[in-house]
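**Student:** Sequence:
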Amino acid sequence: MRVLQISNKAPYPPNDGSSIAIYNMGVGFIANEVDLHVLTINTKKHFKSDDDIPQEYKTKSHYQSVYENTDVSVIGAVLNLFSSDSYFVSRFYFKDFENKLIEKLKANTFDVIQLEGLFVATYINVIKKHSKAKIVLRAHNIEYLIWERHLKNEKSAFKKWYLGLQTKRLKNFELKVLNELDAIVTITDFDKTVFEKEGFKKPIYTCITGVDVNDYKKKKSETKKPKTIFHFASMDWMPNVEAAEWFLNNCWKSILKQVPDTKFVMAGRNMPAHLKKLNEANVLVVEDVPDSRTFYNEHDIMLVPLASGSGLRIKIIEGMAYGKAIVSTSVGAEGINYTNGKNIIIADLPKDFIKAVVDLLKDETKRNELGKGAQTFAEQEFDNGKVVSGLVNFYKAVLNV
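For what it's worth, the working numbering labels the leading residue of the sequence shown as 1, then goes sequentially.
FYI, nobody ran anything at the bench for these hints, they're computed from the structure.
Do not take every clue at face value.
To be verified - Mimicking BS3-like on lysine-lysine, the simulated pairs with C-alpha atoms at most 25 Å apart in a straight line are:
| id | residue 1 | residue 2 |
| --- | --- | --- |
| 1 | K152 | K171 |
| 2 | K45 | K58 |
| 3 | K100 | K58 |
| 4 | K263 | K253 |
| 5 | K134 | K60 |
| 6 | K128 | K106 |
| 7 | K227 | K366 |
| 8 | K201 | K176 |
| 9 | K396 | K192 |
Please put together the full structure from these sequences, using the hints given.
**Tutor:** Right, dumping it as structure tokens:
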């Protein structure tokens, strides 16, 4: 089976949720003897040097990238008002990338072309013109749902109007794309249900993001920092910023009052300026985490207080694989078949979130048991080789192999 993965973000190093999902899927394909080709937009915002990619992966994935600037601009946002396109999507269409894609399609015959997310679906017409491969959308999220959830909390009237317009256009594009696909691969059953309710009748398969669970069990000799709670996420994604702000505004002061020696560590790439300047007692802001394994192993309790977003939080899978005690909202843990209280604690109201964190801070036994339950669950559910093997079998069925 020959598969082409097309993505709007370079997958290596896998240092955020979407790049982890793309890279791990590719590694899983290779392990399952798929003839893999990867073609990606390497964006200015998330630029990653091709020179840093492991040679084995680069060779076995026939890796190619095209540098493009996908940044949001005021001029682009204003000009978009005079079109019917979604600015969320149109930012990812480039002639240079189209030409490289055509070159790839002319040189190879693919069985499956896997679109890594909605934003590269803008190239479907090009693909159909130059290939007879099955076109599959790997839906990392329901994109319009992220923005519909966000709009409920947006206070600026102008932003609400503009984002409302763009969300409507995005939804129209996302639903129109469904008619152009041969199959969909979702990361959560929740997203699968949404697509089915929207009328998608073709094959659809849920494939959670897998990880190398044995690699996460390897520990370094770091000294754990006691009484530390942490939020670790890509801070250029709006729902993650909202989550950190919600926790700071609704939970943090009460937790600190009850456990005065607690430290809250807020970490992640592209930290917004207003959070970097935050001056609060016992709060540490870390923009660059040089080694995530060290970071996870140093700190005690992981927080995922998301109120918006869609799809799967890869950081939760990583946290579970590392054996972390995790407190999350229902939205944060969407797509994971958890058992509340056994491998994660779910809390949606501030008072419940506060209580869960305080209980874990005060009870080491409970904290350790929750972490062990999370790691056991990760070993059972997230092994990458098994996860991708199931997807390969799904593709064989779609291809009638």
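**Student:** Next step is simple, just say for each hint if it's right about the structure.
**Tutor:** Now for the hints, and whether the structure bears them out:
Only pairs whose Cα atoms come within 25 Å are accepted, and K152 paired with K171 is accepted, the gap being roughly 16 Å. At most 25 Å may separate the alpha-carbon atoms for a hinted pair to count; K45 and K58 meet this at roughly 22 Å. The suggested pairing of K100 with K58 holds, with an alpha-carbon distance near 17 Å, which does not exceed 25 Å. Note on K263 and K253: the hinted pairing holds, with a Cα-Cα distance of about 11 Å set against a maximum of 25 Å.
Taken as a hint, the K134 and K60 pair is honoured in the structure, with Cα atoms around 21 Å apart against an allowance of 25 Å. With a C-alpha separation of about 12 Å, the suggested pair K128 and K106 falls inside the 25 Å cut-off, and the hint holds. Among the hinted pairs, K227 with K366 is consistent with the structure: their alpha-carbon atoms are about 14 Å apart, no more than 25 Å. With a C-alpha separation of about 14 Å, the suggested pair K201 and K176 falls inside the 25 Å cut-off, and the hint holds.
Between K396 and K192 the alpha-carbon distance is near 20 Å, which keeps this suggested pair within the 25 Å criterion.
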